[in-house]
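Asks: The hints should help you fit chain B onto chain A, whose structure is shown.
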Amino acid sequence: MPAKSSLSPVLNKVDLLVAEITNLRTAGPHFRIVHRFRMPGSACLPGEEIVAVFLAYRGCEYQLRISLTQRILFDFLAHHSRLAQSARQIELGIRADDFYNLHAKNANRRTVLTRKIPRSSIKVHIRRLHQALGLVFQESGLSMDPGKVLIIQGTVGNEVGYRLKATCSWIHFDLTSRDCQPVWGGNGRIPLRRAAQNSAQE
Amino acid sequence: MLKILLIDEDGEHAEQFGHELARRRLDVIRAIDCGEALARLRNREHICDIVILSMTGRSRPWLEVLRDLQQAGHQAGLHEVPLFLCVSKLRLEIDFQLKIERMGARYACEE
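One line per chain: the protein sequences are A and B, in this order.
So for the first sequence, the working numbering puts the first residue at 1; every next one is plus one.
So for the second sequence, the working numbering puts the first residue at 1001; every next one is plus one.
Okay, chain B solo, but in the shape it has when bound:
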């Protein structure tokens, strides 16, 4: 069973999302903020396969957050780095999507 780390500050949204992922027989772990996610990613005992970063609000430096999360994933296991999926409720600009893709992550919008 693949393990998913879901980083979502919105409890209700995370619950709904987690339910859908569990229906796909995925093992979901939720982190309520990036600090908790970093700690979980650095933990070698709980290596995740996919990290889903819910980017709510445009005020946060999401690219830096993504970079920190990727570095934490690398620290845990050099050859077992999780795949990253960034999601947002509103469609982000194409340039921003391109930057995410160039960092090796994927992007999806809920719209």
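Next up, chain A with everything else stripped away, as it sits in the complex:
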């Protein structure tokens, strides 16, 4: 039937759109979280920086316009996207995690890029994240309600839980300073002075 075959490229595109809608409704959009200052050869470890969050949609990436505190909160929610957590649980979870306590420490051995996120401020940051999601959805042409992606879930009590309904992936950029490269003497971050002593002994 030639008429049927002539429609098949169009029907393939319809199938693609249907799959896109179904996937967005069931799993949510996809975000790519970028960590930098990773020690070469290591997995995701404390000391790295959450440098950016991108929405990945139709082959393009759109950066979320969010602050350091919101990047930390987004990363935390992305890591625990299967459960809704209250503001108190989020505060505790972030405080107890060395990844956030030592945030960006690999860069200069200082913790200037860490943030303590008090429970009382989480509601405000969630609202700002909703705004940022709204902006990035608008920019990308994705018609989604930010409230259906960063969900505020009520409980039978007064407490509310926050959950990110999205799929996330993490990409890492390694540290490039000379003393942390395997080719210059291993993965350990040896101070330059000690590295010089070691090479002198050899």
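Bear in mind the hints are in silico, worked out from the structure with no lab data behind them.
For every residue, glycine included, the Cβ atom is placed at its ideal position computed from N, Cα and C.
Some hints could be false.
[As the list claims (entries may be wrong)] Computed beta-carbon distance windows for the label pairs:
1. E1111/B to V124/A: 50 to 56 Å
2. D1027/B to C44/A: 40 to 46 Å
3. C44/A to R1042/B: 44 to 50 Å
4. Q153/A to H1046/B: 27 to 33 Å
5. V112/A to H1046/B: 52 to 58 Å
Replies: Below, chain B alone, put in the same frame as chain A:
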């Protein structure tokens, strides 16, 4: 069941297309022209998931038509805007396809 708004002035073509879409368990509503499509899109009670715009003939300002349809979709529900698919029987120029993609819609040719 996802709802499709099919805008197609060619009755026979629309019937064949609608039949294929229905076989995919999609709920198809047909609009015979853009005026009817705009009215349907503005109606908040019948929010569509996908709009298929059959672009027959090159004389029409299809990009403007697409923009009007997208605006109507936005008016109906800010966060429930349908996805747009523009189709044509003859392959359109790459520049024109690019303009469609930049408007956030997709394009397919029946060739």
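Asks: Now, for every hint given, state plainly whether the structure supports it.
Replies: Going through the hints against the structure:
no.	hint	result
1	E1111/B to V124/A: 50 to 56 Å	holds, 54 Å
2	D1027/B to C44/A: 40 to 46 Å	holds, 45 Å
3	C44/A to R1042/B: 44 to 50 Å	holds, 48 Å
4	Q153/A to H1046/B: 27 to 33 Å	holds, 30 Å
5	V112/A to H1046/B: 52 to 58 Å	holds, 55 Å
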